[in-house]
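Asker: One-letter residues, chain by chain:
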Amino acid sequence: MSLEIKNLSGGYGKLTVLKDISFTVPDGTLTALVGLNGSGKSTTINHIIGLLQPKQGSIILNNLLLNQEPVTYKSQLAYIPEQPVVYEELTLKEHLELTIAAYHLDEKIAWQRAEELLNTFRLNDKLTWFPTHFSKGMRQKVMIVMAFITDAKLFIIDEPFLGLDVIAVNDLLKLIDSRKKEGTSFLLTTHVLDTIAGHADQFVYLKDGEVAAAGAASEFTKLVPELAVSKE
Amino acid sequence: MKLTHLFKDRIAKRWQQYLKYLRYVFNDHAVLALFILAGAGGLAYQSLWQNAPINMWTKSILLIVILVTFIFFKNPTNFIKQADPTALLGDETVLRTLLKQATIYSMIVNGIVEGILLVALWPMMFHLLTNSLTLILISTVILIALKILLTYIIASKQRLFPDAKGSKLINWRHLVTTEENHQFIVLSFYNLFIDVPGITPKIKRQSWADSFIKVWGRHSRNPLTTLYVTAFIRRTQYVKLWFRLTIFGSLAAWFTTGWLQTILLIILFYLLVLQLMPLSNLHQHIVFNFLYPITSRQRIQAFQYAILPWLVITQLIWLIIAFVATTSINLLLQNLICLVVIGGVLVFLYTKQKINKSTQRRITRAFKK
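Chains as they are written, first to last, in numbering that gives the first Met the number 0: chain U, 0 to 231; chain G, 0 to 368.
Check before you lean on any hint, since a few could be wrong.
Heads up, simulated PhoX-like pairs for lysine-lysine below, C-alpha to C-alpha not over 25 Å straight-line [what the hints assert, rightly or not]:
id, chain 1, residue 1, chain 2, residue 2
1, G, 80, U, 92
2, U, 125, G, 80
3, G, 356, U, 135
4, G, 356, U, 54
5, U, 180, U, 152
6, U, 92, U, 107
7, U, 13, G, 213
8, U, 107, G, 7
9, U, 135, G, 201
10, U, 92, G, 201
11, U, 125, G, 203
12, U, 92, G, 356
Derived Cβ-Cβ restraints for the label pairs, each shown as a range [what the hints assert, rightly or not]:
id, chain 1, residue 1, chain 2, residue 2, range
13, U, 150, G, 17, 43 to 51 Å
14, G, 88, U, 164, 56 to 64 Å
15, G, 323, U, 121, 14 to 22 Å
16, U, 164, G, 211, 51 to 59 Å
17, G, 285, U, 123, 30 to 38 Å
18, U, 135, G, 121, 29 to 37 Å
19, U, 224, G, 21, 57 to 65 Å
20, G, 356, U, 19, 45 to 53 Å
21, U, 103, G, 214, 43 to 51 Å
22, G, 246, U, 150, 45 to 53 Å
Rather than coming from a laboratory, the hints here were simulated on the basis of the structure.
Positions of the beta carbon are idealized from the N, C-alpha and C atoms, including for glycine.
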């Protein structure tokens, strides 16, 4: 089991956002964390990546607890945030070098991966560019390349399609599919399952900080009719 | 908010912001160090005006200094915000009034600053140029008036499109950029002591330092070292700060001697380390900085390793200049021992304690947010 969330309650200070949520992300699967604005998707992610501390419950990643082995725990995690965040003083190439060094990746293998990814996302001629010259979509692609050159066992992707063009969305989905086959797991937040239909294996529907429904992705429309209806 | 009060509201908010940051700046040991430095600077200035030789060179230098006062604080502020040209599209007269009031405000402030700088130079003027108070007063008034006029001319030029002839159209976008640059310069000063939220960094490639960044980063085998070294060099504020304080220290080393010299160098070194501290949590808003599998010990080491070469260069320059000026072996040894010991405590213990404290505060704040 890649990620296991057991009876997690948490939030910000005295405000409890998540109420006793539990779900798992099995190896080699894509789990969609679905919900409307304010349902607790980002709060859940903030707990998993360690930006918030649970009030109750536990988060286990490949038998590791964040507060006990933070460095090993984080080395198994790659994160693509909803809003791209970059180091303004680093070029694209230096962003990749930093990621390679921070994750202790084999330079040769990592750069081979990077080259493929840079080609896929049409960034190969922009290695010496600074982020100030990047559009929002390009910044998002930089986030994707930085995440996908790692050997992380779990990818957490927060609203990945915002700002991406159609070709980039398809390329990202292909990448996810290929890494899934290698056993990598994905937890991806989205408002609706529409874009990732056919790629997601299961879903967890959050409503007011609680798991309102969960199951196979194919059962989404049946189990969460309110989102399916609102889409129509 | 009443739009007629736009200027009053904005000026009040800006000064509230400045006072808030000033409270933080003067809230550490820095205040003590700054007072001692100001005292020492005053004494050095007094000695300079009493002993400066009266000849063409010193007179020319003083005239150049007076002219240089024009370079500082000549730019007007306009209080225009990015959203204004869009949000207040329906009533541009409000913005035009704001612009007019801001220009008058800038003329007054720049005139006052010019007056203060010139009054500070009066003792030198009396010593080197003339004994006549009337002449000095008249010159001061003329120079202040010229500064006010210069501010007005710059403000009038800024508001128009470069190729506009007889057009009444105001270049709002240019005014917004000018105001952002103006604010950047002011807030950069505070940012040297504290973290000022929302300040957009100015990045320059600095190709000359590429090999240094690579070699120093690889040598440390710590991924964050490269990040800190790169930020130090490409975010020009840090290189400038290092350069400025190294020059101040060099002047102190040249013009003073004995324990006064040693104490001044220690205080300046302390100020240098203190003002470099914000570099250690420069990237705290970037989630990856928190997510990378890096221990807190590595973070501290990376910062120390990144600033060390610059501080060693500074100390070497100061020691050489002090020795050339005094040729005293005893003073050289005294400076060397004090700077190395106190420098070591500051770089290795003080920075560690500060970073640990700020990390702890950050974690607590994140959990309580």
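Asker: Run every hint past the structure and note whether it holds.
Answerer: Tested hints:
no., hint, in the structure
1, 80/G / 92/U, "35 Å, violated"
2, 125/U / 80/G, "32 Å, violated"
3, 356/G / 135/U, "34 Å, violated"
4, 356/G / 54/U, "24 Å, holds"
5, 180/U / 152/U, "12 Å, holds"
6, 92/U / 107/U, "14 Å, holds"
7, 13/U / 213/G, "46 Å, violated"
8, 107/U / 7/G, "60 Å, violated"
9, 135/U / 201/G, "19 Å, holds"
10, 92/U / 201/G, "19 Å, holds"
11, 125/U / 203/G, "17 Å, holds"
12, 92/U / 356/G, "33 Å, violated"
13, 150/U / 17/G: 43 to 51 Å, "49 Å, holds"
14, 88/G / 164/U: 56 to 64 Å, "31 Å, violated"
15, 323/G / 121/U: 14 to 22 Å, "58 Å, violated"
16, 164/U / 211/G: 51 to 59 Å, "38 Å, violated"
17, 285/G / 123/U: 30 to 38 Å, "24 Å, violated"
18, 135/U / 121/G: 29 to 37 Å, "55 Å, violated"
19, 224/U / 21/G: 57 to 65 Å, "59 Å, holds"
20, 356/G / 19/U: 45 to 53 Å, "35 Å, violated"
21, 103/U / 214/G: 43 to 51 Å, "20 Å, violated"
22, 246/G / 150/U: 45 to 53 Å, "48 Å, holds"
Violated hints for the displayed structure, listed by number in ascending order: 1, 2, 3, 7, 8, 12, 14, 15, 16, 17, 18, 20, 21.
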